[in-house]
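Student: Sequence:
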Amino acid sequence: MSGYSREAFPHWITISGSCNTRETVLRRDGSGVQVDGACAATSGSWYSPYDGATWSNPADVDIDHVVPLAEAWRSGASSWTTARRQSFANDLSGPQLIAVTDNVNQAKGDQDPSTWKPSRTAYRCTYAKMWIRTKFTWNLKLQSAEKSALQSMLSTCSS
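Going by my numbering, the sequence shown opens with residue 178, and the numbers climb by one from there.
By construction, these hints were calculated from the structure, which means they are not laboratory data.
It cannot be assumed that every hint is accurate.
[Claimed, not checked] Calculated lysine-lysine pairs in the DSS-like style (CA-CA distance at most 27 Å, straight line):
{"id": "1", "residue 1": "K318", "residue 2": "K294"}
{"id": "2", "residue 1": "K324", "residue 2": "K306"}
{"id": "3", "residue 1": "K285", "residue 2": "K318"}
{"id": "4", "residue 1": "K294", "residue 2": "K324"}
{"id": "5", "residue 1": "K306", "residue 2": "K285"}
{"id": "6", "residue 1": "K318", "residue 2": "K306"}
{"id": "7", "residue 1": "K294", "residue 2": "K306"}
{"id": "8", "residue 1": "K324", "residue 2": "K285"}
Modelling step: build the complete structure from the supplied sequences, incorporating the hints.
Tutor: Here it is in structure tokens:
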């Protein structure tokens, strides 16, 4: 994709003390998380809502950008300043960052909901709402196939 580079979105910046964004999300989303002097998680428990798996090794957990950085680029972030892309990539104020099973995140890659959905169907409604909120908050465009997939996922929501 023209002009895209993951480096255009400075991520895992220092948030507090020596803790970066990844470490902050691991602590937020985990249970009983222990960290070392450099703020790296050494133990704890993490539940991945995408697949329903629970992990005790932080190396088995990735931090997913719900709206992937490349998808954001295709949807309007290509015109943003580097500072705005950094804010997006490290956004702790919304649903954009979530701890999930590492290989599930890697399989998702930069796909949108038209080509990737959480395998756990019970989470699809929540995922669609997270996606929509993130796209709305950051004024990112929805493509037609993406919109159709989101509508289908929203139809799984209980009233």
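Student: Indicate, hint by hint, whether the structure satisfies it.
Tutor: Going through the hints against the structure:
Taking the CA atoms of K318 and K294, the gap is near 19 Å; set against the 27 Å cutoff, the hint holds. Our distance criterion of 27 Å between C-alpha atoms is met by K324 and K306, whose separation comes to about 12 Å. Distance hint between K285 and K318 is fulfilled; the C-alpha atoms sit about 19 Å from each other, no more than 27 Å. Between K294 and K324 the alpha-carbon distance is near 13 Å, which keeps this suggested pair within the 27 Å criterion.
A distance of roughly 17 Å separates the Cα atoms of K306 and K285; the hinted pair therefore holds under the 27 Å criterion. The hinted pair formed by K318 and K306 meets the criterion: a straight-line CA distance of about 15 Å does not exceed 27 Å. A distance of roughly 13 Å separates the Cα atoms of K294 and K306; the hinted pair therefore holds under the 27 Å criterion. Our distance criterion of 27 Å between C-alpha atoms is met by K324 and K285, whose separation comes to about 18 Å.
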